[in-house]
Amino acid sequence: MGHIATTGIIDSDVHPAVPGMRALLPYFDPHWREVIEARGVDGLDLAYYPPNAPVSARPDWRVPGQKPGSDLAGLQTNALDAFGLSRAICNCLYGGPAMYSEDLGAAICRATNGWIAEEWLNRDDRLRASIVIPIQNAELAVDEIERWAPDKRFVQILVLASNEALLGRRQNWPIFRAAEKHGLPIGIHAGSAMRHAPTANGWPSTLYEEHVSMAQTFQSQLLSLIAEGAFTKFPDLRVVLLESGISWLPNLFWRSIKMWRGMRKEIPWVDRSPAAIVRDRVRFTLQPLDLPPDQNQVDQLLEQIGSDDIFLFSTDYPHWRFDGGDPMPSALPKELLRKAMRETPLATYPRLRETV
Amino acid sequence: MSTSTLVRAATPPAARLRLVDCDIHPTVRSMKDLHPFLSAQWREHLDSFGQRFRQAFGGATAYPKATPALARRDSWPADGSPPGSDLEMMQRQHLDANGIDRGMLFPLFPRALDERNIDCAHAVCAAINDWQVAEWTSKEPRLKATITVMAEDADGAVAEIERCAKNPAFAQVALVTRPIEPLGRKRYWRIYEAAAYHGLPLGLHNSGNNGHAVTGGGAPSFYFEEHQGVALSMQAMATSFVLEGVPQRIPDLKIVIVEGGFGWAAPLGWRMDSFFDRFRGEVPHLKMKPSEYLRRNFWWTTQPMEEPEQPEHLRAMIDWMGWDRIVFASDYPHWDSDDPRFAFKIRLNDQERQNIFAGNAEAIYGERLA
Amino acid sequence: MTRHIVAAVGEIPENGSKLVKVKGRPVALFHVDGSYFAISNVCPHEGGSLCHGKLVGLVQSSEPGVYEHSRPNEMLQCPWHGWEFDIRTGQSWCDPDSIKARAYVVSVEDGAELAKGPFVAETFPVSVENQYVLIEMK
Chain A
1 MGHIATTGII DSDVHPAVPG MRALLPYFDP HWREVIEARG VDGLDLAYYP
51 PNAPVSARPD WRVPGQKPGS DLAGLQTNAL DAFGLSRAIC NCLYGGPAMY
101 SEDLGAAICR ATNGWIAEEW LNRDDRLRAS IVIPIQNAEL AVDEIERWAP
151 DKRFVQILVL ASNEALLGRR QNWPIFRAAE KHGLPIGIHA GSAMRHAPTA
201 NGWPSTLYEE HVSMAQTFQS QLLSLIAEGA FTKFPDLRVV LLESGISWLP
251 NLFWRSIKMW RGMRKEIPWV DRSPAAIVRD RVRFTLQPLD LPPDQNQVDQ
301 LLEQIGSDDI FLFSTDYPHW RFDGGDPMPS ALPKELLRKA MRETPLATYP
351 RLRETV
Chain B
1 MSTSTLVRAA TPPAARLRLV DCDIHPTVRS MKDLHPFLSA QWREHLDSFG
51 QRFRQAFGGA TAYPKATPAL ARRDSWPADG SPPGSDLEMM QRQHLDANGI
101 DRGMLFPLFP RALDERNIDC AHAVCAAIND WQVAEWTSKE PRLKATITVM
151 AEDADGAVAE IERCAKNPAF AQVALVTRPI EPLGRKRYWR IYEAAAYHGL
201 PLGLHNSGNN GHAVTGGGAP SFYFEEHQGV ALSMQAMATS FVLEGVPQRI
251 PDLKIVIVEG GFGWAAPLGW RMDSFFDRFR GEVPHLKMKP SEYLRRNFWW
301 TTQPMEEPEQ PEHLRAMIDW MGWDRIVFAS DYPHWDSDDP RFAFKIRLND
351 QERQNIFAGN AEAIYGERLA
Chain C
1 MTRHIVAAVG EIPENGSKLV KVKGRPVALF HVDGSYFAIS NVCPHEGGSL
51 CHGKLVGLVQ SSEPGVYEHS RPNEMLQCPW HGWEFDIRTG QSWCDPDSIK
101 ARAYVVSVED GAELAKGPFV AETFPVSVEN QYVLIEMK
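Residue numbers (the numbering used here), protein chains in the order written: chain A, 1 to 356; chain B, 1 to 370; chain C, 1 to 138.
Same shape as in the complex, but just chain A:
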């Protein structure tokens, strides 16, 4: 692993892709299988990652005619073996959570989870996965969590960064209750169900702008979880931001502390600094990075963030975040990386501790 030597590396974000709805068919019940086929339901990959966009796959990981990330052998060769990973957490971004029909959404999530268990987890014991849930309906979402929770290879609950409602809203609390009960962090991944314009200013023209502005949506989600009291109500709730970047953290800390000092009576259950809550309860994957150009600035940024044990190493396979054999920029301190590769993921994901 390039400039840092360690063993037992845990990759907290890799992306198996559903090759097409045909692959999921065996995992639907007869009714939904018939619906999927009869109505031609397919193509539910998020618009956030157009298959041919440069960001969606590293050029040397692409296989002509194959959707990036859809092949286990590719993940094994290019990531698990190449980087010497002991564990990798599969986050499958496929359509279920974005469907308008709650029932269809739940069926697709269920099929996706079944497919992940069978086609990936069963075929390489280095793999772990997140449970995808129909967040449109908390009751159905909890059903889906309960269905897979007995399988300890599912280590997290996965949601998109933008859904019908902000995540902290109390309608989502049954999900957090289930998450806490089963020791499953909530992983919030870049991407949107597009119930809202990607920015408060409306619909941008470019994918580039959406990727840049996703940082604001992540910040809004943290503020929502804090303000609504989700972290207060669920003391064991852990949240992981996947592909959020980190350079916006200091400013979020400063503003949220300042507003808390003036407006904390509005949210009196928030009885400590929002920054302290984030450092305690939220973790961040390290790809993609949005670091400053020079080392001195990186050091200053990290000092302002004020914690080196909130980061999780990730390759973001197959997305194109880096070239060559070292997923991490040399600007990050070795001690931070050492923690991010094993110690912090083990502390973040209780289920990894059970099975490592």
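Incorrect hints may appear among the rest.
[Unchecked claim] Straight-line Cα separation of at most 30 Å, DSS-like style, residue types lysine-lysine; simulated pairs:
no., chain 1, residue 1, chain 2, residue 2
1, A, 233, B, 32
2, B, 166, B, 32
3, B, 139, B, 166
4, B, 65, C, 18
5, C, 54, B, 65
6, C, 100, B, 65
7, B, 186, B, 289
8, A, 233, A, 181
9, B, 186, B, 287
[To be verified] Per the computed footprint, the stretches of chain B lying under chain A, defined by three or more beta-carbons under 8 Å from a beta-carbon of chain A, are:
no., segment
10, 52 to 63
11, 308 to 321
12, 340 to 349
Just so you know, these hints were derived from the structure itself, not from any lab.
Built from N, CA and C at the ideal position, the CB exists for glycine as well.
Fit chains B and C to the known structure of chain A by using the hints.
Showing chains B and C alone in chain A's frame:
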């Protein structure tokens, strides 16, 4: 030292520094104050139908603010009229007391930047512009006016800029910051060309409702969130300007981001630059790195002052963005306003103070501040 | 320690305040439910004039959605940025150990008692029939 204890600025003994305040909010006592500047038709229209915004209530927001009228509690005139409506009090409490040499007016109450009725919006924007001159700048030469325009109809906005630009009382052009489409989109470019042609910076103060939730993830519950959401939306606004190529197309356009915070300026540049290689094919019109446009065409006001957990971190943040990029603003008389004596929790040297409190603003606005 | 007469009882309405100066220092004096409290008038954050602040209750919460209101009018919110200070101690709610407005000991005495001294009345006329509010300051 704690994050927030008072640090009294070292005042240079010899020459008092000039002080330019880039955000002061004048207010009408009631809409009747605008009547002299409206036709009979629009007076009657407003009396009957009021203004139409993209919000639930005619006279209030569904996110109650921290204080009545958003105001600091010591800014109410004795007769109970709204804070910011009394020039004499503004002079006594703010301009004189704080030694303000130039103050940029930014009217928010009333505003028509995001009025839905296009004709009404243009009429009220024009009335607000005339009212600033008649009731404020002509009575108090330290104050400068802002040309407010409704951006969704670029023709009308350009016409209003043309109408006002000749008057040296006006120093900038204001648009809503949460428009129907992100401000970088082409439908708004004619407005920017007109502003740049007349040497008028854009002064973009967070404002307006476009009907979109204030976050990309939906509407939050609390003012604690909404207030920050609005600041976050200013980042999306700056991103839109840069990536759509506005400063590439209009290199001399000056964009002053008012009351949006400034601690995000450098990190946003890093983020755009970090992703640039992957997305370059989507933005072939960009000839420089995105951060270079931020560094060339954008400025930020200081208020609401960034308050790091460790005060000295502020210095790094300003180092990153550039000491020529920030200009002082008080936001008088709003509740989250800043006092020029106490806003900075770090010690500034004379040159830094001079730049932030006057020099940078004078460089942006030039003779419009004269 | 010197005691300074700063107000007559009855002069400040219930839940009202008065800006007084003691040895040149501005002090915000509050009257809440028959008691008087004095803290420095200068908010330690950005200098807001605390006598213009709003007296509010203490709001706490045992869980989200629950608002427990107690100690009516014993917290002061700065008129500017809304930071809350306990008028009994001057401590800020959010950072009580390191951010505080200086609190002063306040007492109420009969005019007849005060006539015996020692106290500093500065420019304050004292009548033996009235009661007065005193602030202790070195």
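Comparing the hints with the structure gives:
Between residue 233 of chain A and residue 32 of chain B the alpha-carbon distance is near 49 Å, which puts this suggested pair outside the 30 Å criterion. With a C-alpha separation of about 27 Å, the suggested pair residue 166 of chain B and residue 32 of chain B falls inside the 30 Å cut-off, and the hint holds. At roughly 19 Å between alpha-carbon atoms, residue 139 of chain B and residue 166 of chain B fall within 30 Å of each other, so this suggested pair holds. Taking the CA atoms of residue 65 of chain B and residue 18 of chain C, the gap is about 27 Å. The hint holds against a cut of 30 Å.
Taken as a hint, the residue 54 of chain C and residue 65 of chain B pair is honoured in the structure, with Cα atoms around 15 Å apart against an allowance of 30 Å. Between residue 100 of chain C and residue 65 of chain B, the direct Cα distance comes to roughly 25 Å. Compliance with the 30 Å bound is thereby established for this hinted pair. With a C-alpha separation of about 20 Å, the suggested pairing of residue 186 of chain B with residue 289 of chain B holds against the 30 Å cut-off. A C-alpha spacing of about 13 Å is found between residue 233 of chain A and residue 181 of chain A, which places the hinted pair at or below 30 Å, so the restraint holds.
At most 30 Å may separate the alpha-carbon atoms for a hinted pair to count; residue 186 of chain B and residue 287 of chain B meet this at roughly 18 Å. Check on the segment 52 to 63 of chain B: 0 of its residues sit with their Cβ under 8 Å from a Cβ of chain A, so the three-residue criterion for coverage is violated. With a cut-off of 8 Å between beta carbons, the segment 308 to 321 of chain B has 7 residues touching chain A; three or more are needed, and the interface restraint holds. Coverage of the segment 340 to 349 of chain B by chain A is violated. Counting CB-CB distances below 8 Å, 0 residues qualify, and the rule asks for three or more.
Comparing the model with each earlier hint shows violations of hints 1, 10, 12; every other hint is respected.
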